[in-house]
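2 protein chains.
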Amino acid sequence: MKIKFIDIEAGKLISIIHEKDAKELGIFPLDRIELINPKTKRKIITVADITDSIVKEKEIGLFKDVSKSLGLKKKTEINVTPVSIPESVKFIKKKMDGNSLNEKEIQKIVEDLSNNHLSQIEASAFVSAVYINGFNLQETIAMTKALVEGGKKLNLNKKFVVDKHSIGGINGRATMIIVPIVACNELFIPKTSSRSITSASGTADSMEVLTKVELSLKKIKKITQKIGGVIAWGGSLELAPGDDKIIEIEHPLNLDPPGQVIASVMAKKVSVGTKYLVIDIPVGEHTKVKTKENAENIAKKFLEVSKEMKIKTEVLLTDGTKANGPAFGAALEAKHAMEILEGKVFDNLAQKSCQLAGALFELTGKTKKGKGYEKAVELLKNGKALKKMQEIIKAQGGKIISSKQIKLSSKKIEIKANKSGKIERIDLTALKEIARTSGAPADKKAGLLLKVEEDDIIKKGQIVFEIHGTNERKLKVAEEKAIKNNPIKLGNVIIEKIQ
Amino acid sequence: MKIKFIDIEAGKLISIIHEKDAKELGIFPLDRIELINPKTKRKIITVADITDSIVKEKEIGLFKDVSKSLGLKKKTEINVTPVSIPESVKFIKKKMDGNSLNEKEIQKIVEDLSNNHLSQIEASAFVSAVYINGFNLQETIAMTKALVEGGKKLNLNKKFVVDKHSIGGINGRATMIIVPIVACNELFIPKTSSRSITSASGTADSMEVLTKVELSLKKIKKITQKIGGVIAWGGSLELAPGDDKIIEIEHPLNLDPPGQVIASVMAKKVSVGTKYLVIDIPVGEHTKVKTKENAENIAKKFLEVSKEMKIKTEVLLTDGTKANGPAFGAALEAKHAMEILEGKVFDNLAQKSCQLAGALFELTGKTKKGKGYEKAVELLKNGKALKKMQEIIKAQGGKIISSKQIKLSSKKIEIKANKSGKIERIDLTALKEIARTSGAPADKKAGLLLKVEEDDIIKKGQIVFEIHGTNERKLKVAEEKAIKNNPIKLGNVIIEKIQ
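Protein chains in written order, with my numbering: chain C, 4 to 502; chain A, 4 to 502.
I should point out that these hints are in silico values taken from the structure, not numbers from a laboratory.
No experiment lies behind these values; they were computed from the predicted model shown.
All residues carry an ideal CB built from backbone N, CA and C; glycine is no exception.
Watch out, some of these pointers could steer you wrong.
Under the rule of at most 27 Å between Cα atoms (straight-line distance), these lysine-lysine pairs were calculated in the BS3-like manner [claimed, not checked]:
no. : chain 1 : residue 1 : chain 2 : residue 2
1   : A       : 93        : C       : 291
2   : A       : 224       : A       : 93
3   : C       : 454       : C       : 477
4   : C       : 26        : A       : 67
5   : C       : 59        : A       : 76
6   : C       : 15        : A       : 374
7   : A       : 407       : A       : 425
Where chain C lies over chain A, by a calculated footprint (3+ residues, C-beta under 8 Å) [to be verified]:
no. : stretch
8   : 28-40
9   : 207-221
Please model the entire structure based on the sequences and the hints provided.
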């Protein structure tokens, strides 16, 4: 068929054929066709879109992604043949029918996902089936292995490669405190973090306020080997790329099948060579995991998969009902983390960070059982963790090495209490939403800074939080949202009414 | 944002924005954005594709479908706002979590599906959830109603509006025999049929050999009122359009959740005003429904939904193990149906057709119980059904009114037996595949004609079937497939071997 170049990147492997040719070839919309460049013999499988207008008969429309990958430049003829549905679709159907998948079947699904051989319909059916029917332990392990297999790996050649992972907290950058603490006690922590998806900031967003986070795997290796730690963005490293495809499906549906989440996390840890791991599961109404029972179930599975993958793991259930420090937003959270490292604050975020770091010290035998927390606090208080953090920032190419250097927004709105009372509850989800409305996470200076805590007794007119941001309109909308949704709930002062 | 027109129909409502704007707006790939034409105030919700190359910052790329529906021609500015996920996604999640949906929730899902407000990921999650978790009776009824509500309707103002439906047979055009039989006995049958999806021909494909099948709803009404029957293609009539979206998802996954299939069939029947209905479920290893038990289950649900929708229904389980006549392919099957109407043949297809027509006579009270089949055979044998079929063909605009007028392919390949023996089994699926390889259903003259039946005793060299088609290359490939897969299985002549 003759090529018609379409000067657009579709982001997916799609080709467009005329409905008459589709009928001739027996192709229905979304069926697959294989295209072969007869000169170079390069092949590619694309999904067929069918039209009666974009291309003529005997013509095939190729988006940039496709023509590039076939190495086509000039108008030439290519061979087009229908291909049958990939074998993995049969395995997806098997999972939908309530059966377990074996290692080979899961491997084939991940392979086809990674190579864009599955359509969104098929990929969504897979994720839905895993969500509805669940993964058993063997399947979770197989999925972990399959995800690792398809991606790049980091090999530090060190004995004490450690990592930490938090599942669905609301705010607070524990990672920025834990990494320097453990890195100055002979542990190696090549931490890859995500940017925010639903919160006001992700670790990568906050770290980026201080230094570069888009590092190559080579650079991550070099820095970690030299100074013990790194805090990089994990997004472009191609560790477990099949996982990225799965997340693409999970995000719009807001799904997180536990078996898949565990496999995703563990695959990334295996890929960076983790040997000791602490996992933090904040439990509370505002976090991903709402009940202790649910958290214990997830923890158990993490431990089982860890055992299989030869990672020594400890899971800590933490209190997710309270904010981890007062800051929501990239710069505000970065500043707060630096203040903890500088010894200016020691709040629940500092405490939690030391507990997680301490757990790693005990897991690796760097301290005796029961002495890890103490050691972590010592490294924080004696300034060694701060010094290590400054080394890390510089090694990654940055210059902001103290909390004072972090520039906050010149514009802010103060929200004051409209009556007096005792603060009974702070709605963290509402705070997060206000921070996002103010411009976080894209606007690094946007966010929210709490000025009160639960159980505080406040007076009418007292500032309860500040909203930061650089865009006046967004600040205004955030203010309106703050007033409307009032996230600071005062206890009822009237206990009884007697008439 | 400024518009960049993209001169392509995407077939879906998609717009393209720059990744910096996406970040600013807090939009992730596949999130929804609402576009508003500030002049006309026309609004549309599209799915956002994110790029760093196709459009510049502050620019939005609109495919033809989108710019048309916003009524945009000149380069102008439009307003873009992120919109939250449609409410129906919550209901899809509810179904995924194993809960039942109520009428309103199902209605909202169908509405959003019909209006293209759900992405393929979401639509696939819904169909997968229905497949895995099933629909209860209330949900099936609600789905039927929701599908009807969103589509056009046919109102004949007649008491005896009847219909028939077959689920997943392999070949044979019973509809082309039943419609004229019932139409010449005071029943009204506005039959809408499909084209082939996986078989060698669909009723619409075969009928199109004789006459036009793409008729307007108005014309279908007029013809049926005047002469009692019509055989049209149902595809473009917008009866239950939500159903077409669901089928788009089901097809690539080869899914047919029973609850959904029942709702789809019943919705189309309600839409055309059916009051009496016979459903034919062929049971056999080559048909959709493999076991009698499964067929009985489906039948029971059909009857329950029918009762709710006030349709008097009878379900007949028929023998799906044997071919319905010897023909596979549009023209061959049309010719065979005409030969039955002309009284030249009376085989199992003729018999089955008379049984289904007879069931409608008994359901409507046009004959006494037990006399329907007799009456149908009478109308077939006395030539009245043929005369009615000729009226229908002419009314639809066609001229081919006898089997002799049907032109078959001048090219055919005869397949001969390579040994003698008794035919034990004929592999219908293999025959269908050979027919499709020869060019069916796109090539109306392509297909396969059986020359033998099960239990026939044949000699080596005897013709067992012919392969028809207009494309020499395809005929050749079909012949190779026929020889390789040999669909005519001879019984073992040696019963015992004594040594």
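Now for the hints, and whether the structure bears them out:
As the CA atoms of residue 93 of chain A and residue 291 of chain C are separated by approximately 17 Å, the hinted pair is consistent with the 27 Å bound. A threshold of 27 Å between alpha carbons decides the hint, and for residue 224 of chain A with residue 93 of chain A the separation of about 40 Å lies outside it, so the pair is violated. Taken as a hint, the residue 454 of chain C and residue 477 of chain C pair is honoured in the structure, with Cα atoms around 21 Å apart against an allowance of 27 Å. Proposed proximity of residue 26 of chain C and residue 67 of chain A is supported: the alpha carbons are some 24 Å apart, at most 27 Å.
Between residue 59 of chain C and residue 76 of chain A the CA atoms are separated by roughly 24 Å; this keeps the pair inside 27 Å, and the hint holds. Using a Cα cut-off of 27 Å, the hinted pair residue 15 of chain C and residue 374 of chain A is violated, with the two alpha carbons roughly 60 Å apart. In summary, the hint linking residue 407 of chain A to residue 425 of chain A is not supported, as the alpha carbons are separated by about 33 Å, beyond the 27 Å threshold. With 5 residues carrying a beta carbon less than 8 Å from a beta carbon of chain C, the stretch 28-40 of chain A meets the three-residue requirement, and the given coverage holds.
Under the rule that three or more residues need a Cβ within less than 8 Å of chain C, the assignment of the stretch 207-221 of chain A is violated, with 0 such residues.
Of the numbered hints stated above, those contradicted by the structure are hints 2, 6, 7, 9, listed in ascending order.
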